[in-house]
Each structure stands twice: as structure tokens, then as C-alpha cells.
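Visitor: Residue strings, one per chain:
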Amino acid sequence: NAGVMQNPRHLVRRRGQEARLRCSPMKGHSHVYWYRQLPEEGLKFMVYLQKENIIDESGMPKERFSAEFPKEGPSILRIQQVVRGDSAAYFCASSPPGTEDTQYFGPGTRLTVL
Amino acid sequence: DAKTTQPNSMESNEEEPVHLPCNHSTISGTDYIHWYRQLPSQGPEYVIHGLTSNVNNRMASLAIAEDRKSSTLILHRATLRDAAVYYCILRGAPGTYKYIFGTGTRLKVLA
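Heads up: the sequence lines are chains A and B, in that order.
Going by our numbering, 47 is the number at position 47 of the first sequence; the sequence numbering is gapless.
Going by our numbering, 80 is the number at position 80 of the second sequence; the sequence numbering is gapless.
What the hints contain is simulated information worked out from the structure, not anything from laboratory work.
There's no promise every hint is true.
What follows is a set of in silico ranges between Cβ atoms, one per label pair, in the way DEER data are often shown [claimed, not checked]:
#1 A/GLN50 <-> B/MET10: 36 to 44 angstroms
#2 B/PRO17 <-> A/ARG110: 29 to 37 angstroms
#3 A/ARG15 <-> B/ASP67: 47 to 55 angstroms
Selected chain B positions facing chain A (Cβ under 10 angstroms, derived; list incomplete) [claimed, not checked]:
#4 GLY102
#5 THR103
#6 GLY104
No experiment lies behind these values; they were computed from the predicted model shown.
Cβ atoms here follow ideal geometry from the backbone N, Cα and C, with glycine treated the same way.
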């Protein structure tokens, strides 16, 4: 059973460009979570999605950030008009449906904004 | 959200047991205690979790105090590959999905 997949692993963007980060959950998992980790800090929750629904986006910045988890395909975290402060590692986690919701994390995407 | 407190760093010799403490004095009755570890440049890896009773798995053991205000992750024989940042996280009742990460304990294993 393959783990959580994220791509790209590394992404470089110039200020003002868009960044798209993809996450494929583990097989059988229908819940996806995105976290951001700034250098030398712990992970910070951003958003929780189920298929075609955003359940909690309380950790998402109000502007430029959006997330989706369509019926088919991976979950996407989209950052528009990136700024240097967006440089961080972005981790996706997934959990199965139901009450057993231990989260399993992907390897992360490291975004660098020049 | 209930908070956890961990030492910033610890050292251990290879092949020796390691006890990583976590204080969570404001834990509620339905909070689960989860441990994850993060190796350099990788995502967090699930280690173990428990509610009230001590737990064992192939990676580690989790000892939970009787009053549940603290817990200890036990690595029985540390190896160099166990060098990582270890996070103690409280997760609420099933359906409470948001993990609150602290700064964790950086474990250094000496050869």
C-alpha cells in the first residue's frame, strides 16, 4: 500500500507566480489535511478536506491560498502571487473515513520563492 | 486546544534506551496522546498513540501517567536512524482532526 504521495518535492517560483502543490492520499483514505512548516518551527494546520468538501480552512491565510479535493484526482493546494514569506515545507496528510483518524503524512513539497 | 511541553533536545548513546517525556497538564478526558517523529527533510512519521493504558508496538512503547498529565515515549534501543524531532500531540475525541504541533524534542543519538 503506497503511502501519501506529494509532488513536486521541490518547487521554485519567482515572486508573483502561482504555485500548485499536489497530494494523493493513501488508498482508501478520503480525508486530506494540509500543514505548513516554516524553517525551525513545528507544523501548522492549514485546511482539512473530504472529497469535494472543505471541512475546516481556519488555518489558511485569507488571501491567495486555496485548496480543493475533487471527486477524481489529487488534492491541490494553490498559492497565487507568491511572496518570499510563502517559502516553507508544505505537508499533506490523509486518514481513512470513520472514527479511526490517525493521520499519515507525505514527504512534503519544499517551496522556495525567489 | 490542550498544550504539550517537551524538552527542546536530548542525547542518547546508541543501543541504549531513551525516555522522551511530555507534559500535558490540561489534557481532557477524551484527548488521545499521539507521538510522531520527523527525520531531516521528511514528513512526520506516526510512532504510537494511546488514551489511558500503556501501549506497545514494534517501534516504541508509550507510558501514560495515571492522572494522564504526562506521558513518556520509550525507544528500547536507540539507533542512529532514530535521530529525529519527536512530537507529542494531543488529539481530541474521534472526529477532532486538527493536530497541534509544538516544537518537539530533537533527539541526538551518539555512536
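Visitor: Each of the hints needs a verdict: does it hold here or not?
Guide: For each hint, the structure was consulted:
no.	hint	result
1	A/GLN50 <-> B/MET10: 36 to 44 angstroms	holds, 38 angstroms
2	B/PRO17 <-> A/ARG110: 29 to 37 angstroms	holds, 34 angstroms
3	A/ARG15 <-> B/ASP67: 47 to 55 angstroms	holds, 51 angstroms
4	GLY102	holds, 6 angstroms
5	THR103	holds, 5 angstroms
6	GLY104	holds, 6 angstroms
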